[in-house]
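S.K.: If you want the building blocks of each chain, they are given just below.
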Amino acid sequence: MNFRRTKAVAYKEVLHILRDSRSLYMALAIPLLLLLLFGYALSLDVDRVPTLILDQDRTESSRALVEQMAGSRYFRLLAPAESYRDIERSLDRNQALLGVVIPANFSADLRANRTAKVQILADGSDSNTANIAIGYAESLIALYSAEVQTKARERIGAPEITGIDPRIRVIFNSDLKSRNYIVPGLIAVILMMVSSVLTSLCVAREWESGTMEQLLSTPLRPAEFLIGKLAAYFAVGMIDMVIAIVTGLWLFDVPLRGSPILLVVSAAIFCFGALCWGIMLSTVTRNQVLAYQLSMLTSFLPAFLLSGFIYSLENMPQMIQLVSRTVPARYLVTILKGVFLKGIGPSLLIGELAALVLYSVLIFIYAQNKMRQKVA
Amino acid sequence: MWQRILEIVRKELKQTLREPRMRAMLFAPPIIQMLIFGFAVNLDVENAKVVWADMDQGWAARELRAAFDGSPQFTVVANAQTEAEAQNYLDRSEADAIIRVPPAFTKDLDRGRAAEVQILVDGTNSNTASLVASQAAQVVNRFTQDRLRTLQRQKLVGRAVDRPIAIRLPRVVPETHAWFNPDLRSRRYFVPGIIVNIIMLVTLTLTSMAIVREKEIGTMEQLMVTPIRPYELILGKTLPFAAIGLVQVAFVTVLAMVIFGIPLRGSPLLLGFTSLLFIICSLGLGLFISTISNTQQQAMMSTLFIFQPLFMLSGFSFPIANMPTVIQWSTYINPMRYFMEITRGLFLKGVGLEVLWPQTLALAVLGFAILGFSVLRFHKRLD
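Chains as they are written, first to last, in the numbering used here: chain D, 1 to 376; chain B, 1 to 383.
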């Protein structure tokens with residue numbers, strides 16, 4: 001291991017990066033773009049559900065229910081439907097998400113102390129949104145039902161009975177903003193994607209343009225070559241990380257409750273591992289298109305889907321949960337969410353940190369071995 | 001002319017398919033995406049884990065606990081004696097919520113005073129949190145309702161012992177039906193969208209790379225001195241990828257049906273036709289990227305830069321209706337949005353052109369606009 005040779009490779013790579021300024025801008029702009037998208041545009045929070053009401057009863061009680069829905073900020077009532085056909089049509093055309101049918105005998109049932117039914121028809125295509133929307137509708141109806149019962153009880157003079165009041169308190173992300181949990185996880189996705197895509201090209205390019213042979217004829221050793229290349233891109237990765245953290249903190253007001261040092265150190269370890277991953281792919285494939293596609297497939301998708309970034313791992317089948325243990329982004333996402341939102345320290349995150357270090361070291365050794373084989 | 005185009009097509013197909021690993025790359029991503037989205041991605045909350053912190057130890061607390069144990073949405077994973085202990089479970093993400101029954105709970109209920117239960121929810125994932133919170137509140141409310149009913153019966157029966165009255169109070173119950181996806185599985189929603197993703201990513205990358213590679217290696221000059229004309233070159237460079245894209249649509253559709261049993265309820269012909277329109281859009285974009293890039297690295301970074309917002313703003317996993325209005329407008333020029341609506345309409349709802357004509361029309365207009373613009377730019381570059 002010779003420091004001077006490593007530095008020379010790093011210097012050459014920095015020149016490459018600076019010369020191709022457009023790729024550099026892109027590498028810095030993509031994180032910003034993703035953050036802005038997730039911060040401002042993308043949200044899984046559901047409110048103002050477009051709702052179509054078919055009131056076949058048209059009495060005071062049914063209108064009271066409609067009024068309650070109209071007053072709730074969770075629903076946006078469309079022009080009332082005239083028939084079932086209307087509901088069907090607007091669900092088909094994605095104009096409405098919910099259809100609520102108040103049947104003709106609604107108020108008659110209530111007056112007769114019977115159970116009145118309200119039909120909720122939901123477009124289940126997007127099961128998540130549908131679940132939440134149905135939940136809103138059902139709790140609104142439950143509330144209405146309770147009101148009706150109280151009135152009836154007063155009428156017949158049944159005794160007043162006290163209930164249990166569920167007091168809900170949300171901790172860690174008390175205003176339940178999806179942004180607060182998306183932005184920390186997004187840092188992991190960005191680092192994984194940008195780092196591994198950037199380096200996935202850098203060795204394959206040398207092979208494709210035929211300069212690899214020239215490098216091989218120099219006394220340069222595989223480890224020196226790799227570390228040199230890594231050093232240059234590590235700088236880009238770190239800038240990306242800073243951009244992501246600063247944007248998250250200042251633009252989106254995501255609270256940072258834990259230690260910033262822990263945050264930076266764990267992100268740096270992870271970034272190193274992701275860069276090694278890209279270099280490994282590049283060494284193995286020797287083909288830029290192939291390396292790029294492989295790195296997109298193996299970095300972006302798992303980091304996005306199997307890291308617990310948005311989709312919680314606990315709901316996945318056992319097999320997939322096992323697979324997710326091999327996804328490094330999973331550990332960083334846990335660390336980031338812990339540090340940002342919960343403010344926990346390294347003692348609770350020691351397992352995740354160890355996993356990250358192990359992953360980075362293993363991939364580096366593997367990449368170096370592959371390099372040596374190719375050289376031989 | 002056709003002969004020259006055919007030659008290029010043949011060369012491109014050979015170049016793309018000659019490497020076995022590259023051939024695998026055309027079919028591995030769809031399979032992997034399908035498996036992940038089909039089996040893994042699940043936004044549904046079931047079996048939320050709760051920590052039970054019973055500070056009361058009375059009969060009412062035990063009954064409430066039984067109500068939580070009995071509900072399918074909750075699993076009580078631990079009992080905590082102290083606040084700190086309970087909090088620790090949330091810190092380690094080992095539980096989603098803490099249910100805390102305060103000390104005077106049973107006494108309050110016995111004396112007919114209002115009692116309260118505290119539900120502490122981990123809000124880290126806001127989406128899960130709101131579902132968990134509302135479900136927990138529902139369990140508590142159901143418990144209250146049940147208790148009220150027994151109490152009322154006891155009181156009324158006590159008043160008229162010889163003539164037990166069944167008390168009847170009016171109530172309203174919701175009857176819920178979810179259409180198109182009755183068991184509300186996320187899988188059915190995601191799988192049709194994968195078709196859109198795969199085609200976009202593959203055709204976009206392959207087209208832009210195919211042209212930029214010639215520039216980077218320097219074979220573009222050689223191509224220019226041959227009698228081939230620009231439009232012939234464009235056709236030759238795009239037709240093979242259009243074909244690959246169509247094959248992938250068929251492949252993913254069959255996979256969806258066979259592995260996940262998701263039927264194609266709409267017309268296969270319409271799916272083929274709209275896929276073609278969509279492919280025209282993405283080929284046009286690929287061509288555009290190739291006109292602004294000189295190296296493959298630039299082409300890839302540009303692809304990434306263009307693909308990400310198109311993907312995120314397509315409604316694939318984030319509903320467009322949730323976006324701010326201005327962003328919603330911007331999705332009207334996103335071909336992925338329209339094709340996403342079309343595939344979902346075809347797979348889930350089984351609707352036809354009578355509903356999907358606006359999306360189809362939009363795709364056609366966008367496709368020819370993008371392709372036309374890119375071809376013009378490409379011409380200028382070559383001259």
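Where hints are given, some of them may not hold.
Unchecked claim - List time: in silico DSBU-like cross-link candidates among lysine-lysine, alpha-carbon distance up to 30 Å:
#, chain 1, residue 1, chain 2, residue 2
1, D, 12, B, 49
2, D, 151, B, 380
3, D, 151, D, 117
4, D, 370, D, 7
5, B, 380, B, 11
6, B, 49, B, 11
7, D, 342, B, 49
8, D, 370, B, 107
9, B, 215, B, 14
10, D, 12, D, 370
11, B, 49, B, 215
12, B, 215, B, 380
Claimed, not checked - Short, incomplete list of chain B residues facing chain D, as computed with Cβ under 10 Å:
#, residue
13, 25
14, 33
15, 85
16, 205
17, 206
18, 257
19, 258
20, 291
21, 296
22, 303
23, 304
24, 324
25, 375
26, 376
27, 378
Just so you know, the hints here were simulated from the structure itself, not pulled from any lab data.
The structure presented is a predicted model; accordingly, all values stated were derived computationally and were not measured.
C-beta atoms are modelled at their ideal positions from N, C-alpha and C, and glycine is treated no differently.
S.K.: Is the interface hint satisfied for residue 296 (chain B)? The criterion is a beta-carbon contact with chain D at less than 10 Å.
M.R.: 5 Å, holds
S.K.: Holds or violated: residue 304 (chain B) as interface residue toward chain D, Cβ cutoff 10 Å?
M.R.: 6 Å, holds
S.K.: Against the 30 Å threshold, does the CA-CA distance of residue 215 (chain B) and residue 14 (chain B) hold or violate the hint?
M.R.: 18 Å, holds
S.K.: Run the distance test for residue 12 (chain D) versus residue 49 (chain B): straight-line Cα separation, threshold 30 Å.
M.R.: 53 Å, violated
S.K.: Can residue 376 (chain B) be said to touch chain D, with a Cβ gap under 10 Å?
M.R.: 22 Å, violated
S.K.: Would the hint on residue 85 (chain B) be counted as holding, given a Cβ-Cβ threshold of 10 Å to chain D?
M.R.: 14 Å, violated
S.K.: For the pair supplied as a hint, residue 342 (chain D) and residue 49 (chain B), confirm whether the alpha-carbon distance does not exceed 30 Å.
M.R.: 18 Å, holds
S.K.: For the pair supplied as a hint, residue 370 (chain D) and residue 7 (chain D), is the alpha-carbon distance within the 30 Å limit?
M.R.: 22 Å, holds
S.K.: Identify whether the interface hint at residue 291 (chain B) stands, where standing means a beta carbon of chain D within less than 10 Å of its own.
M.R.: 13 Å, violated
S.K.: Once the shortest beta carbon distance from residue 375 (chain B) to chain D is found, is it less than 10 Å?
M.R.: Check failed: Cβ of residue 375 (chain B) comes no nearer than 23 Å to chain D, outside 10 Å.
S.K.: Straight-line Cα separation of residue 215 (chain B) and residue 380 (chain B) no greater than 30 Å?
M.R.: 15 Å, holds
S.K.: Quick check on residue 206 (chain B) please, does its C-beta sit within 10 Å of some C-beta on chain D?
M.R.: 8 Å, holds
In summary, the structure is inconsistent with hints 1, 2, 6, 8, 11, 15, 18, 19, 20, 25, 26, 27 from the numbered list given earlier, while agreeing with the others.
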